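Top to bottom, those sequences are chains A and B. First residue of the first sequence? That's 1 in our numbering, and the numbers climb one at a time after it. First residue of the second sequence? That's 574 in our numbering, and the numbers climb one at a time after it.
The set of hints was computed from the structure by calculation and includes no laboratory data. A hint or two may mislead.
[What the hints assert, rightly or not] One-sided excerpt, in silico: chain B residues whose CB lies under 10 Å from chain A:
#1 Ile-777
#2 Asp-783
#3 Asp-796
#4 Gly-896
#5 Ile-903
[Stated by the list, open to error] Covered stretches of chain B (in silico footprint by chain A; criterion: 3 or more residues with CB under 8 Å from a CB of chain A, positions within the stretch not fixed):
#6 761-775
#7 788-794
[Stated by the list, open to error] Lysine-lysine pairs mimicking DSBU-like chemistry, simulated, CA-CA at most 35 Å apart:
#8 B:Lys-637 with A:Lys-356
#9 B:Lys-637 with B:Lys-924
#10 B:Lys-853 with B:Lys-712
#11 B:Lys-814 with A:Lys-356
#12 B:Lys-705 with B:Lys-853
#13 A:Lys-346 with B:Lys-1003
#14 B:Lys-1003 with A:Lys-8
#15 B:Lys-833 with A:Lys-356
#16 B:Lys-821 with A:Lys-237
#17 A:Lys-21 with B:Lys-638
These figures come from a predicted structure and were not determined experimentally. For each residue, glycine too, the CB sits at the ideal point set by N, CA and C.
Letter by letter, the chains look like this.
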Amino acid sequence: MDAKIDAKKVIRKRDRNRVLKALAYVAGFPLFILLVFIGSVPFMNGAAFEATKYYGVIVCIAAWAVLILVQIIAALVTKNSTARGVIVIIVTLIVMVGGSVYFDIWAEGKLNTTRDNYVRERYGISEDTELVYLKNQINKDILTFRDDDYVRNTFKLDSKTKLTYSEDQYGIQYVTFTRDKKTYTKAISIEVDIDNYATQINHYVTWTDKSSLTDEFNEKIADFCRVYNIEYESAVKGAVNTDGSEYGATKIEDADGNPEYWFGETGKVYKENGLYADGYIFGVESASRILIAYYDTQNYYAAQGLDADEELEKALDKARTSSAWTSYVKTDEYKAAYGPGGTVNKYMITEERLEKIVGALLQGVVDEDIIGSLPNLGIGLDLGKIVKDLLSDLGIDLNDLANASIEDILKIVQGLGLDFTMDDIMGLLGGYSNYEVSNVKPLMYFIDDARLRTYAYAKFFGQTHGTNIGSVLIPTKTVNDDGSITYGKIGQVTMSASGLSYEENAFTLDECYNLVALNGFIPEMYPLFAARRYAYIFAGIISLMFAIYYYAQMKVNLIGKKLEKMSTLGGGR
Amino acid sequence: MKKVLLVILHILGYPVLLALVLYLNWDIMMTQAQNYGIFVFVGVIVAVVMALIYYICYAAITSKKKKKRKTIFNQTVRLCMAAVIPLTGLWAVCDLALPDFLAGATSSTIYYEDLADGWNDRAEVNEQLLDKFIELSVKAGTLPYDSDAMDESEAIAYYQSKGYNEAVSELSDNEYYGTIGGLFALQYQSMNANGYQSFTQPWISFATSDRLTIPCLVHLLLDEREINQDFITNYDYTEYKENADGTKEITTVFFAVCDKATNTITLKNVNWTILDMDGKETALEIGNIPGMLPDNFSSLISLVINGSDLGPIINPILSDLAGILASEGILGANINVIVETGPFVTEDAIKISLRPTTGYYYPEVLENTEIHRGTLGYQEMAWLESNGLIYALVTLFSTRRVFLLFAAWIAVINILIGMVRGMCKEEKEKKRKIDAVQAPQKRIAPTYGTIRPYM
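Construct the complete structure from the given sequences, taking the supplied hints into account.
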């Protein structure tokens, strides 16, 4: 009877150890992964994280898989639980701590590269100038340029001018120099609006109610998408282009023989001629890069007292007379699209098409005697008589109206004192009816100047294409008589929505630069930050749990042997 | 008593579920079975299948022939699973897999969330679609009636009472179609192959996704279009030429039109504008939009309108102009242009409406519409075309909440059944034990007589 009680006690002890073993296992990697998953929740509402939100969880599962493999190998190598435990704990520490430390080094390097590229691109700083970051009073990084060449170039100083550097209580750097017998002190620091690694790793998701960097980024992306009526990822509507051609990867190559991508868009969204597909809807990346190219070029020419649009017109005129273009328009490819009866007439109002439309309209007007049936509105407004008198004054017989050309109509309009030309009409129609045949290179392809060529594409995509699809990035610009400028609306300009004010809503150049830089880093990195945050915490916990696991395993084995022995002696069950 | 309780509990399970699904679908089945046949029974069929799955499982699990019969507790757990897994599982799978599929299959016109709890509203819309199509067809004359025997409203009610595929005596002389369904197939093929499917991509996709810009509209109105050969379902309603390789190339897609003057129905080629696809008019008020017109022009409009209705004067001219616009080389299809001023429009404004030749309008609006083809807009016609499938979906969705609620309810019922069965078993056991105790006494006499001393 006593032996029976002993056996029961031993079995209970064995079961307790089994439970302990299971608990230790669950409190290791499964709990770690659960917490990383919870830590990834802030990414689930952000459009930018759609493809990357589970990166952290995936990395943790991969680490777990590695450890499971190590456990299996350890089990094959030795039967000793202690030895197995030691092997697994060592690998755990290597994976968890080593992985986290390596990640910190790698991620910080990636962030610094991103930030340096951003600063160089944004402020036009060459690779020769070293970027030196200091911290200001609120621990934000400031970029300082203690580089003689840069300072001399920036302030247009000759090599003999003496430069003296200083720093104020907030860490802002200054340079003092004398020019034309006057002494100047200039700030040579910029507060960098991309946080350093330490700030990002601590603030990407906050522990408190304080707004996190993830929240700020998500808001920025959502606002950009709202203003320009786009989604985070670019997309193509419709199965084919207007002329029935397929869209796909770009077939145009640059001077080096590489595919010519426009504004970071490397997907299968191009027409054969290197333009975006007719159904292409911008994503955040392409839209912000288009805006940067547009603003940058505008600023570049404005700094020289020139107007980018005027320069572009000149460049287009030059391209139009270039030998490359004049030979190209003689090719069958071009003539089939834009020659007499060309395919483009099917998809836009060309002069040829307009002639036909006007001809049909006038024929109808004559056949139906529209002018004869115009009403007398009273108060001296007999519309029929007014039009007939006008035609008579211009020497146009009513019966000949059906045969009138657009030129004849223009004469009537000009007779009314309105200075309208065919170019004006086509220009006006161009805003509402335009088409670039998919296999024919556009005129802007032949622009020589690289900057203006990029500007032409940015303007075409942001304005013309944007107007077509209801996502206007670059508004129309009208110079008023008093020299002031009126901008058209941006964003969703459709039959049912009137778009947003450019002045009040458009993202500035700085904001676009910032968005591109952050977008190149945050969506991939922040979900990994979640894994990194808990990896440091769980490195010790998982090791401890593995220790408990193998200890319990050892106890279970020992108790098993004891029970076997008791069974042999006849005391056990 | 316990057996009665068992029967009641069984009835409270699947029979009540079936009754509830029948009740929810009753109206649809009674009114639409003649139109869409088996499609309207999908909800009930699925419920019956669920019940069969359960009863088969019940028979298998509680079978007395099994060699290793499980305990009642074990059986109860299995029966709970047999009820919960199919009932909840069906909708768990649907909730995950159907939303994107449904949006894609209906070109984002019907969403899962529209049906999940609002299936009944969808059923009402569907029912109205057919009624509206019939009403418009009667008004257009493509569903004729004897004006001596009935007036228009009676004719509409008469046709609405007929089945979708039921032969109608008034159409017996019609060489093109003899049923409402036949007329619909003819009209829809024209709107589809020569209409919606002929519009150039991607503009038609933009138009249906809040991106209908002016350039998009210009493309849809003026781009050269061709009949989409892939969407021809009945060559009887087309003109075609046969190519050398034997393939048919459609040159004309016919549409049924009634000449009201002679009351004859003929087949004609009809072209469509993008407005016909939408089936709704687009209106623009000129004059009261700040900055839209120069001030002096706005003043002129005010002077001319002066509170009077210029519509009757201008509309005939616009009608002629619309006729000109419909000619080949311009729009190639009819639209109605209507101008309104005066008391029904904002003061000092002219309202210009572009009204398509399709779509459902109230009778008084329809009377002012010069050209109407007697069909709904394309989207509604497309829904009507797949009304059978939509009814199948609607009746399937009618089971969603019932299944989810009954999954839990039937689990509870099964537990109660298990308890009652357990009690019955206990009782039987008790009885058996009592019988076992009493059995020897019973066997003693008189069967075997007295106990023999040597035994």
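> Does the stretch 761-775 of chain B contain three or more residues whose Cβ lies closer than 8 Å to a Cβ of chain A?
Replying inline: holds (count 3)
>> Can you verify the interface hint for B:Gly-896: is its Cβ closer than 10 Å to any Cβ in chain A?
In response: holds (7 Å)
>> Interface hint check: B:Ile-903, Cβ to nearest Cβ on chain A, cutoff 10 Å. Holds or violated?
In response: Since chain A brings a Cβ to about 5 Å from B:Ile-903, closer than 10 Å, the hint holds.
> Does the structure keep B:Lys-1003 and A:Lys-8 at a Cα separation of 35 Å or less?
Replying inline: Given pair B:Lys-1003, A:Lys-8 holds - Cα atoms ~33 Å apart, limit 35 Å.
> Can the hint on B:Ile-777 be confirmed by a CB-to-CB distance to chain A that is less than 10 Å?
Replying inline: holds (7 Å)
> Has the given pair, B:Lys-814 with A:Lys-356, been kept, meaning a C-alpha gap of at most 35 Å?
Replying inline: The hint holds at about 29 Å.
>> Run the distance test for B:Lys-833 versus A:Lys-356: straight-line Cα separation, threshold 35 Å.
In response: Roughly 33 Å between the alpha carbons, so the hint for B:Lys-833 and A:Lys-356 holds.
> Can the restraint linking A:Lys-21 and B:Lys-638 be considered satisfied, given a maximum Cα separation of 35 Å?
Replying inline: violated (42 Å)
>> Restraint: B:Asp-783 near chain A, CB-CB cut 10 Å. Satisfied or not?
In response: holds (7 Å)
> Given the hint that A:Lys-346 pairs with B:Lys-1003, does the C-alpha gap stay at or below 35 Å?
Replying inline: violated (93 Å)
> Taken at face value, is the distance from the CA of B:Lys-924 to the CA of B:Lys-637 at most 35 Å?
Replying inline: violated (81 Å)
>> What's the verdict on B:Lys-853 and B:Lys-712, does the C-alpha distance respect the 35 Å limit or exceed it?
In response: At roughly 18 Å apart (the allowed maximum being 35 Å), B:Lys-712 and B:Lys-853 satisfy the hint.
Hint compliance for this structure: hints 8, 9, 13, 17 are broken, all remaining hints hold.
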